[in-house]
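*Asks:* Got chain A; can you put chains B, C and D on it based on the hints?
Protein chains: 4
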Amino acid sequence: MADLDPQETRLVLDPAVRDDARSRLRSIRGHVEGILRMLERDDVYCVDALKQIKAVNGALAKTGDMILRCHLKHHVVTAHERGDDEAIVAELMDILKYR
Amino acid sequence: MADLDPQETRLVLDPAVRDDARSRLRSIRGHVEGILRMLERDDVYCVDALKQIKAVNGALAKTGDMILRCHLKHHVVTAHERGDDEAIVAELMDILKYR
Amino acid sequence: MADLDPQETRLVLDPAVRDDARSRLRSIRGHVEGILRMLERDDVYCVDALKQIKAVNGALAKTGDMILRCHLKHHVVTAHERGDDEAIVAELMDILKYR
Amino acid sequence: MADLDPQETRLVLDPAVRDDARSRLRSIRGHVEGILRMLERDDVYCVDALKQIKAVNGALAKTGDMILRCHLKHHVVTAHERGDDEAIVAELMDILKYR
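Protein chains in written order, with my numbering: chain A, 46 to 144; chain B, 46 to 144; chain C, 46 to 144; chain D, 46 to 144.
Some clues are possibly wrong.
Which copy is meant is left open, because identical chains are indistinguishable; a pair holds if it fits in one copy or across any two.
Taking lysine to aspartate or glutamate pairs in the EDC-like style, the calculated list, with each CA pair at most 16 Å apart, reads [as the list claims (entries may be wrong)]:
1. 107 - 139
2. 99 - 87
3. 96 - 110
4. 142 - 110
5. 96 - 139
6. 99 - 64
If you're looking for bench data, these hints aren't it; they were derived computationally from the structure.
The shape of chain A in the complex, shown without the other chains (with noise of 0.2 Å):
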């Protein structure tokens, strides 16, 4: 993590997209309950379990999205008069590899 000043490490998540993620991963881990349930019968198609698998890849995806928009927005665009810019940029680098 970036040595900043404590207070910019909170997590700014606005409240609205704070809201939006919980409640996304709490309807992705009704969704990876869904594929356990799905596993234990026998009469599933590969196919349709790759699917729902997916589906939820790419719902996390999109929470994923939310948070870094967030952090753009309120860390890195900042991060020159901060003065942490090889930081968050190093760090920023880091998060992108294999998006």
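*Replies:* This is chains B, C and D only, laid out in the frame that chain A set:
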């Protein structure tokens, strides 16, 4: 779903792969709960949350790979003999989009 | 490469797909040259260069999909009959990593 | 393109990165020509062609990463000071889709 002989449409995951897939999904569910807890605290750094989401995505992708490998081994390599190769190939290309 | 009967290892791209793949690659080459010219000018905006690289990546992925579909149709769905399913599946899973 | 002060919209690739990006693109162009030659021969195995396309995709992605890192360092971390953070963030989220 390909109009296959019903017997072939079962998720032919051999027991070891199926158990492995289920235990991975149980740990993925636990991991999602961890991110939910993380997002309740207002002192978490957004990049830490992004790393957790990325880790869950990776674990889901591995679970999907296991099921895909089984599907290739049991359904795809025998499709020509069954006569449903067109449907099996179309279905597979669809599931592989944006992997 | 799977130890296949030499006859089956030919790139069984039917003529239409092969011509299409070659014309796409020729336009991709032209597109790469365009980015090279872009990077010589010092008035280009980096996001414009990134968009061009992304477009080339997309065109390459489409060309790859065409060849993959042909490989599935001609080599993979008949692998069990030939007896090289293990090698064909291993090779396919390798090529699909980080798609 | 973000309505930036024209001076800031130049591709601020420092000379070393720009030269590196251009030499990578020249070798990518050569690599694409190699795949074109490969697709003329009818004895090539499709998976070999797919591996070459994947390698070119990887080289393009690395070139893009170099330009992205420079954009983050020179344009994004200073966006708040310039006052165009909204446009810069929107543009960045767009370019990062399906990376």
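*Asks:* So, for every hint listed, does it hold in this structure?
*Replies:* Structure-based check of all given hints:
In the homo-oligomer, the alpha carbons of residue 107 and residue 139 lie at most 16 Å apart only across protomers (13 Å), although the nearest pairing inside one protomer, at 18 Å, exceeds that limit. For the homomeric pair residue 99 and residue 87, neither the shortest alpha-carbon distance inside one copy (20 Å) nor that between copies (30 Å) is at most 16 Å. When the C-alpha separation of residue 96 and residue 110 is checked against a cutoff of 16 Å, the pair qualifies only between copies, where the shortest distance is 12 Å, while the shortest distance within a copy is 21 Å. In this homomeric assembly, residue 142 and residue 110 come within 16 Å of each other (Cα to Cα) both inside a single copy, at 14 Å, and across copies, at 9 Å.
In the homo-oligomer, the alpha carbons of residue 96 and residue 139 lie at most 16 Å apart only across protomers (9 Å), although the nearest pairing inside one protomer, at 28 Å, exceeds that limit. Taking the shortest Cα distances, residue 99 and residue 64 never come within 16 Å of each other, neither inside one copy (23 Å) nor across copies (20 Å).
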